[in-house]
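My request is simple: use the sequences and hints to build the entire structure.
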Amino acid sequence: MVEGVSDDFDRNHPICLGGEGNAPPEDVGGEPGYEHFLATINDKDHPDFSELQHWGSIQGYREFNMENVNRRLRSV
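Taking full-length UniProt numbering, the leading residue of the sequence shown gets 1, the next gets one more, and so forth.
No wet-lab data here; the hints were simulated from the structure. Source: prediction; values computed, not measured. Check the hints yourself; a few may be wrong.
What follows is a set of in silico ranges between Cβ atoms, one per label pair, in the way DEER data are often shown [stated by the list, open to error]:
#1 Arg71 / Val5: 45 to 51 Å
#2 Glu35 / Ser57: 17 to 23 Å
#3 Asn42 / Met66: 17 to 23 Å
#4 Asp48 / Gly18: 26 to 32 Å
#5 Cys16 / Glu51: 28 to 34 Å
#6 Arg74 / Glu51: 32 to 38 Å
Simulated pairs of lysine to any residue, SDA-like, Cα-Cα distance not exceeding 25 Å [claimed, not checked]:
#7 Lys44 / Tyr34
#8 Lys44 / Asn22
#9 Lys44 / Gln59
#10 Lys44 / Gly30
#11 Lys44 / Pro14
#12 Lys44 / Ser75
#13 Lys44 / Ile58
We put the beta carbon where it would ideally sit given N, CA and C, even for glycine.
This is how it looks when you write it as structure tokens:
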């Protein structure tokens with residue numbers, strides 16, 4: 001979402017000011033599957049924790065990292 005545009009700036013690229021979460025992994029099973037996935041990977045005692053954490057990493061799922069986002073935006 002674009003919150004604003006300024007003509008007075010010191011950068012020639014967009015920057016991310018905040019965020020959270022990540023896009024759901026491919027084939028997670030829609031909204032119910034994503035909710036189950038998040039609940040499972042955030043509960044180390046869940047019986048499927050290791051399996052879904054491994055599957056998520058294969059799918060490229062990782063936590064939101066604003067520094068990584070801004071690094072990628074600089075290259076746009």
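Right, here's what the structure says about each hint:
1. Arg71 / Val5: 45 to 51 Å: About 22 Å separates the Cβ atoms of Arg71 and Val5, which means 45 to 51 Å is violated.
2. Glu35 / Ser57: 17 to 23 Å: holds (19 Å)
3. Asn42 / Met66: 17 to 23 Å: This hint holds: roughly 20 Å between Cβ atoms.
4. Asp48 / Gly18: 26 to 32 Å: Holds: the Cβ-Cβ distance is about 31 Å, inside 26 to 32 Å.
5. Cys16 / Glu51: 28 to 34 Å: For Glu51 against Cys16, whose Cβ atoms are near 32 Å apart, the range 28 to 34 Å holds.
6. Arg74 / Glu51: 32 to 38 Å: Taking Cβ atoms as reference, Arg74 and Glu51 lie about 36 Å apart, which means the hint holds.
7. Lys44 / Tyr34: holds (17 Å)
8. Lys44 / Asn22: holds (19 Å)
9. Lys44 / Gln59: holds (19 Å)
10. Lys44 / Gly30: Holds, because 23 Å separates the two Cα atoms, which is no more than 25 Å.
11. Lys44 / Pro14: Violated: Lys44 and Pro14 sit about 37 Å apart, past 25 Å.
12. Lys44 / Ser75: violated (36 Å)
13. Lys44 / Ile58: holds (18 Å)
This entry does not satisfy hints 1, 11, 12, going by the numbered hints stated previously.
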